[in-house]
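Keeping the supplied structure of chain A fixed, place chain B upon it in accordance with the hints.
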Amino acid sequence: MFEIAQLSKTFHLHTQQQAEIPVVANVGFAVQPGECVALTGESGSGKSTVLRLIYGNYLAQTGSISVGGTEIVAADPRTILELRRTTLGYVTQFLRVLPRVPTTRVVAEPMIQAGHDATAADKHARDLLRRLRIPETLWDLSPLTFSGGEQQRVNIARGFAYDYPALLLDEPTASLDATNRQTVLDMIDAAKQRGCAIIGIFHDHAAREAVCDREIDVSQFAAA
Amino acid sequence: MQKTPLFSVSDLSKSYGAQLGCRDVSFDLHSGEIMGIVGESGSGKSTLLNCLAGHLAPDRGDVCFDVDGTGLVSTLAMSEPERRLLARTQWAYVHQNPRDGLRMSVSAGGNIGERLMNVGARHYGNIRQDASSWMDRVELSTGRIDDRPATFSGGMQQRLQIARNLVTGPRLVFMDEPTGGLDVSVQARLLDLLRSLVQDLGLSVIIVTHDLAVVRMLAHRMMVMQHGHVVETGLADQVLDDPQHPYTQLLVSSVLQV
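From first to last, the protein sequence lines are chains A and B. Sequential numbering from 1 applies to the first sequence in our numbering. Sequential numbering from 1 applies to the second sequence in our numbering.
Quick caveat, the hints were computed from the structure, so don't treat them as lab data. Fair warning: this is a prediction, and the values are worked out from it, not measured in the lab.
Computed footprint of chain B on chain A, listed as stretches where at least three residues anywhere in the stretch have a Cβ under 8 angstroms from a Cβ of chain B:
{"no.": "1", "segment": "5–15"}
{"no.": "2", "segment": "51–58"}
{"no.": "3", "segment": "98–105"}
A virtual CB, placed ideally from N, CA and C, is assigned to each residue, including glycine.
Looking at chain B on its own, in the form it has when it is part of the complex:
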């Protein structure tokens, strides 16, 4: 087991005026680990994810990342260009709505290729080749490479967003409700795809969701949030099968059995 974490969050707090976002959140994530963050709407999980990914500046606390395998570095103390480089190369962010993560006016291949060009790729043939192989990997027909994402279904757009995010070989992926808004059959396919990609590429993932089934299938560990606070953390199956906090018990017992 690796001793030092890949990603470490300490005492992170963020509020919007008097409105609490999240309060005193701390956790470590190791390489290859998948952490699920659950809670109802307004519990602060999206605020937290945005603070972690550098989209929002927290009021207090720190977010550290092991950039080059030599130890944790504060991402908040980085300069803006450094943080952007990190977000483009080692991190990825999958939005709930694929329209927020894709450029709708650019072709599918262009959406994937753009990320590669951002990190310095210039050879058109190679970029197209990579884009095509990634479309194949996320089970999109390569014949659609020149089509715009607007002509894709929701599930296809989400898979394209995932390809666009993973093409640059990130080590840490943030996901905000990646299966939200998709049909159940499409969700299952996406979950299966995500799980095999995460396993094959050895990715670390922080996934925010309100769907406990997603956590059970994907996550190693989970964190339950309520009113901006983390009320329970632990091994995913343990928290789901033997929840300790009243709120977690309510969440777990509210899931409909099919």
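Next up, chain A with everything else stripped away, as it sits in the complex:
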């Protein structure tokens, strides 16, 4: 599902003394459908950078990233938007939403974007929020006023609302209590069962053990 070859990324900071910050070089690995791979390595080794490159959020200098047969490097914005709509999901650590939009709508949106009926999407969103123990009294409010843990669970509900064939997870279980953590791990497992290919960053060792089939140490791709 994911095929990455000879990928490298250097930041050129023109406004800060023309600094050049090489982050990763020659990244190469592949992930099969139904497989969950953990990116490991110290803080600053480029784990999040690799996820962002795959999502098209960072621009790669060289190499190739193929997701379900679609090439990301040097793809035009429409191709990436279409890939994000139908194929590739990304659960970040931080929720970024417009003010005033109710939580149910935030969660249902990826499904609606992917062409699902709004009523069905809303019902599914409510099921997910219930499953992740977001109090029902909050569902019609904007998640911007929620606690950190609640926001993260809303973000996870949103990320899992639509059954993407490929998922990127950036610390999906960080700052969750044990019960909610187990729910998220069950959701990841269910996604694998239906054939979803997953690349994730899990600082939580036990979580990594529970769902990941393999680990890739990103520090081996450190740029010289």
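Relative to the frame of chain A, chain B by itself:
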């Protein structure tokens, strides 16, 4: 994915004597896409928008639009009446200052109804009905339908301008700093409203703004302008999170964090 664009701009240039407006701008916009154009004052973004919308005649280049789904047609080669019809029916233009887009001496309902009458509506009851439902849609109290916009707040005037523009069901909307000059709380409400309208109606939008947060929240793609030139284009979140051009890096790094 649709193959042919809805709107296509090629090598567009406009200068005012020796003063450069915009130079060699080219891009395509597809149906349902939202393009943000950013840059500081004087970078040529408003000149560009005015050339695109047919308010200014460019010196060079072409602006093409798919009028009836059969392919791109040059809007510059159109006759004046044809272009006006296009601007009234398929396009809309939201001004930064609502006073430029509204008729201040006419009631709120009249402002919306006038656009409908321009495209041939004649039944008073229906026009009033449409005006009322659009006021509701942009979250204006329908009880204010007979009031003049001069009695409205800035945010209300801007929402009225949006209703007036969208009532005729345009496919492409040009927006010039639609949230400029509004209080932050009013901006958030307007952005949320714009986003849901754009999504529900499947509109294509070209939005000029200097506010990067507006681009992040609304736009799919963005274009950065400096001294009349487009210095960077791309996916909105990519340009904002990993800007390549020195000027874009300066813009993005200058945003204050709250």
